[in-house]
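*Asks:* Next come the chains, spelled out residue by residue.
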Amino acid sequence: MKRPMHSMRRACLALLGTALLALTVPSSAQETSSGTLYGDMLTVSQDMLTRAAGDGNNFLHTNGNYEQTRYYPNRQINVSNVHKLRPAWIFQTEIVESMETTPIVVNGIMYVTTAFNHVYALNAETGEQIWHYKHKMGPITTYCCGPNNRGVAAYGDMVYMGTLDAKLVALDAKTGKVKWETQIADPELGYSETMSPTAVNGKILIGTNGGEYGIRGFVKAYDWKTGKLAWTFHTIPEDSVGVWAKKDATGRDMLRDIAAEKAALVKMGDPYKTLGGGVWQNPAVDLELNRIFFVVGNPSPDLDGSLRPGDNLYTDSLVAVDLDTGKYVCHFQYIAHDVWDLDAVSPPILTDVRDANGKTVPGLLHAGKTGHVYVHDRRNCEMLRFSEAMVPQENMWVLPTADGARMLPGANGGVEWSPMAINPDLRLSYAINLHQPMTYHVESSPYPEGKLWLGGAFKVIPSEEQWGNVAAVDYDTGKIRWKVKTAQPMIGGVLATAGGLVFTGEGNGMFRAYDAETGSVLWKFQAGAGVNAPPSSYTVNGKQYIVVAAGGNTQLNFKRGNNIMAFALTD
Amino acid sequence: MMNVPNPTGRRVVFALMLCIVPFASAPVCAEDLEAKLALCTGCHGADGLPIDPSIPIIAGQEFYYLYVQLKDYKAARRENPTMSGIVAQMERSQMKALAQHFSEQKWPDVQAAVDDATVNMAQQAATAGQCVQCHLGGYEGNSRVPRLAGQQAAYLERTMLDFKNKVRLNSPAKGSLMKAYADEDVAAMAKFLSAL
Numbered sequence: 000m001k002r003p004m005h006s007m008r009r010a011c012l013a014l015l016g017t018a019l020l021a022l023t024v025p026s027s028a029q030e031t032s033s034g035t036l037y038g039d040m041l042t043v044s045q046d047m048l049t050r051a052a053g054d055g056n057n058f059l060h061t062n063g064n065y066e067q068t069r070y071y072p073n074r075q076i077n078v079s080n081v082h083k084l085r086p087a088w089i090f091q092t093e094i095v096e097s098m099e100t101t102p103i104v105v106n107g108i109m110y111v112t113t114a115f116n117h118v119y120a121l122n123a124e125t126g127e128q129i130w131h132y133k134h135k136m137g138p139i140t141t142y143c144c145g146p147n148n149r150g151v152a153a154y155g156d157m158v159y160m161g162t163l164d165a166k167l168v169a170l171d172a173k174t175g176k177v178k179w180e181t182q183i184a185d186p187e188l189g190y191s192e193t194m195s196p197t198a199v200n201g202k203i204l205i206g207t208n209g210g211e212y213g214i215r216g217f218v219k220a221y222d223w224k225t226g227k228l229a230w231t232f233h234t235i236p237e238d239s240v241g242v243w244a245k246k247d248a249t250g251r252d253m254l255r256d257i258a259a260e261k262a263a264l265v266k267m268g269d270p271y272k273t274l275g276g277g278v279w280q281n282p283a284v285d286l287e288l289n290r291i292f293f294v295v296g297n298p299s300p301d302l303d304g305s306l307r308p309g310d311n312l313y314t315d316s317l318v319a320v321d322l323d324t325g326k327y328v329c330h331f332q333y334i335a336h337d338v339w340d341l342d343a344v345s346p347p348i349l350t351d352v353r354d355a356n357g358k359t360v361p362g363l364l365h366a367g368k369t370g371h372v373y374v375h376d377r378r379n380c381e382m383l384r385f386s387e388a389m390v391p392q393e394n395m396w397v398l399p400t401a402d403g404a405r406m407l408p409g410a411n412g413g414v415e416w417s418p419m420a421i422n423p424d425l426r427l428s429y430a431i432n433l434h435q436p437m438t439y440h441v442e443s444s445p446y447p448e449g450k451l452w453l454g455g456a457f458k459v460i461p462s463e464e465q466w467g468n469v470a471a472v473d474y475d476t477g478k479i480r481w482k483v484k485t486a487q488p489m490i491g492g493v494l495a496t497a498g499g500l501v502f503t504g505e506g507n508g509m510f511r512a513y514d515a516e517t518g519s520v521l522w523k524f525q526a527g528a529g530v531n532a533p534p535s536s537y538t539v540n541g542k543q544y545i546v547v548a549a550g551g552n553t554q555l556n557f558k559r560g561n562n563i564m565a566f567a568l569t570d
Numbered sequence: 000m001m002n003v004p005n006p007t008g009r010r011v012v013f014a015l016m017l018c019i020v021p022f023a024s025a026p027v028c029a030e031d032l033e034a035k036l037a038l039c040t041g042c043h044g045a046d047g048l049p050i051d052p053s054i055p056i057i058a059g060q061e062f063y064y065l066y067v068q069l070k071d072y073k074a075a076r077r078e079n080p081t082m083s084g085i086v087a088q089m090e091r092s093q094m095k096a097l098a099q100h101f102s103e104q105k106w107p108d109v110q111a112a113v114d115d116a117t118v119n120m121a122q123q124a125a126t127a128g129q130c131v132q133c134h135l136g137g138y139e140g141n142s143r144v145p146r147l148a149g150q151q152a153a154y155l156e157r158t159m160l161d162f163k164n165k166v167r168l169n170s171p172a173k174g175s176l177m178k179a180y181a182d183e184d185v186a187a188m189a190k191f192l193s194a195l
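So the protein sequences, as listed, match chains Y and V. Heads up, the first sequence is in numbering that gives the first Met the number 0, so the first residue is 0 and it goes up one at a time. Heads up, the second sequence is in numbering that gives the first Met the number 0, so the first residue is 0 and it goes up one at a time.
Some clues are possibly wrong.
Taking CB as the label site, the calculated pair distances span [as the list claims (entries may be wrong)]:
#1 V/THR81 to Y/ILE460: 47 to 55 angstroms
#2 Y/TYR327 to V/ASP51: 52 to 60 angstroms
#3 V/ASP51 to Y/ILE89: 45 to 53 angstroms
#4 Y/PRO86 to V/LYS165: 50 to 58 angstroms
#5 V/GLU103 to Y/GLY55: 46 to 54 angstroms
These are calculated hints, taken from the structure and not from any lab test. Since this is a predicted model, take the numbers as computed values, not measurements. Ideal Cβ placement from N, Cα and C applies to all residues, glycine included.
Construct the entire structure; sequences and hints are all you get.
*Replies:* Here it is, written out as structure tokens:
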């Protein structure tokens with residue numbers, strides 16, 4: 000169903016687009032010559048990306064904006080009318096497998112990805128396919144936890160995707176044709192890409208997976224136009240020893256045998272070359288401080304600390320580096336010498352917070368696998384507070400044993416990679432939680448050159464109940480404001496809107512809208528497959544949509560599907 | 000026999016000149032890949048289905064998994080008297096060619112039945128081990144992770160027990176995981192996976 004006016008507008012835009020093809024350089028002043036607030040609206044300018052937090056039409060970043068608030072400013076869909084939300088269209092991809100993509104929307108065009116690195120461009124108003132790109136996968140891929148992809152970055156006239164065979168691919172946003180691709184790292188050694196890249200100031204930023212394979216983690220910056228490497232920050236410094244911290248960020252004793260570790264360090268040297276430390280979620284970007292902030296994953300091997308003496312810097316840490324150079328600025332380690340895989344994964348959020356004296360400071364939030372929301376001063380990475388635990392914690396920090404030691408949370412968290420959202424008016428952060436009891440087993444084995452290297456095993460305890468939460472945490476106090484229990488552990492992500500709503504999905508196919516203030520369920524929809532991807536929102540021709548992928552999840556084995564579902568209010 | 004394009008664009012027959020050491024006896028030179036394949040299919044089945052249920056199906060198995068196994072046999076990271084002898088003189092290019100060939104074959108249809116109680120037991124065990132995280136939802140594997148669906152039950156059971164009992168050592172994480180299972184769980188998973 001097409002409206003004549005809409006078709007005419009599209010035709011005009013297409014003609015204008017052809018005329019401007021040669022002028023598609025982001026962040027240049029000429030781009031704004033067409034007179035709109037955000038640029039010419041045909042290409043993604045730096046200005047559009049910078050102002051995304053106030054853009055009620057597009058959804059330009061995987062986590063909404065550079066601050067990663069996932070707070071969408073349009074309030075057309077709100078607490079009073081959300082009960083009228085209905086499917087507007089459903090698009091089915093070619094791949095029935097785990098979906099973790101965040102739909103990116105640029106001026107009525109939506110870009111989504113699937114497992115095994117397909118990209119689709121869709122008409123965001125109708126769901127009609129515009130183009131389909133299928134990455135020609137190399138024969139060697141090494142990844143745990145599913146052949147996932149979390150979406151594209153849009154910049155200029157291109158979209159960018161990281162691939163399972165550890166490449167960065169730049170596609171023409173209008174055609175889906177490859178403009179360039181570059182090999183980021185060697186997949187045979189355990190490197191792979193599932194995160195969406197981040198585009199900023201002419202650079203495409205991307206980290207790496209591989210914490211289960213003995214990689215040496217990094218964040219790299221590439222030139223947006225040529226794919227040339229601009230800088231690399233190694234998440235594992237050559238001196239990874241640290242300060243021999245005995246307590247975690249919350250002050251609990253981690254039962255380290257420091258004497259044994261020091262002896263091992265003398266014997267085997269610094270383990271930095273195979274110490275893991277993947278970065279597989281987007282960094283937050285602070286353009287005023289000219290810094291990026293990201294969290295670094297677990298050390299390798301996950302459960303066996305005997306082969307990696309020291310604090311294992313900067314694993315399980317918040318890290319800030321300079322945007323222009325990739326040089327280290329500051330860090331904060333949550334768990335030194337982690338032997339539980341309770342690392343730092345969920346992407347950090349930048350927002351003003353109150354310090355201990357009630358003074359407003361530039362803050363940063365991170366939801367840990369431990370089940371806490373950590374609140375930082377982002378000027379120096381220092382922690383200001385941590386929240387109440389959102390899930391049960393038991394036996395922390397019992398060390399893994401040969402026969403398996405039970406500890407809560409299980410190794411998936413707490414909070415997994417799932418991005419939080421915030422409502423800055425309510426000063427609440429929204430996290431989704433898992434309660435999945437596990438036993439932690441340790442068994443030492445040498446570096447296996449690219450094979451799975453856990454140093455033991457994690458085992459779910461089948462006789463114990465599993466469940467999840469949607470939790471709202473006051474980041475100025477650390478108190479939990481409300482919490483809603485769900486039937487299954489939660490993995491995917493959250494979207495908050497200015498309409499006073501919080502959207503998130505479940506493994507059983509339920510997609511729900513909650514009242515941001517109270518946690519009341521205001522709307523729900525059964526998607527038929529696990530809704531385990533972060534939702535996004537956009538507006539076309541004055542109508543606001545909520546969109547989410549329903550493809551299930553490999554990691555928790557939720558029912559697979561292949562749907563992109565867009566919802567709008569019925570008239 | 001594999002057809003690959005030559006630099007001028009014409010297609011030529013890709014013949015391998017290799018010497019092999021079957022069963023640790025004196026070297027026997029085979030003239031091309033076909034002779035080599037004949038040796039492989041003698042055990043692994045000309046139609047992709049081995050006659051001996053303890054021998055794995057490799058027709059349709061993942062290329063990179065097969066290649067890594069051949070490398071591991073040669074480096075003694077995985078031990079098997081027959082296979083170790085066969086790969087002893089192989090170059091990596093030859094291993095790749097063989098792995099490529101078998102990965103492009105059709106997976107044979109295995110007729111296996113399993114009762115509901117065994118399925119329940121197996122699924123609970125597989126859930127505890129989070130097996131689909133690597134082997135994927137249909138247990139069809141990908142790249143370095145092998146397909147398990149439709150594999151020979153006797154081979155699967157023996158392999159899992161070999162990992163558990165530290166007979167097979169070339170995937171340490173698998174060894175640690177299997178160690179946490181009772182033999183009955185292993186037997187149930189083997190039957191369940193074979194029937195997929």
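*Asks:* Broken hints, numbered, in rising order?
*Replies:* Result: hint 1 breaks, nothing else.
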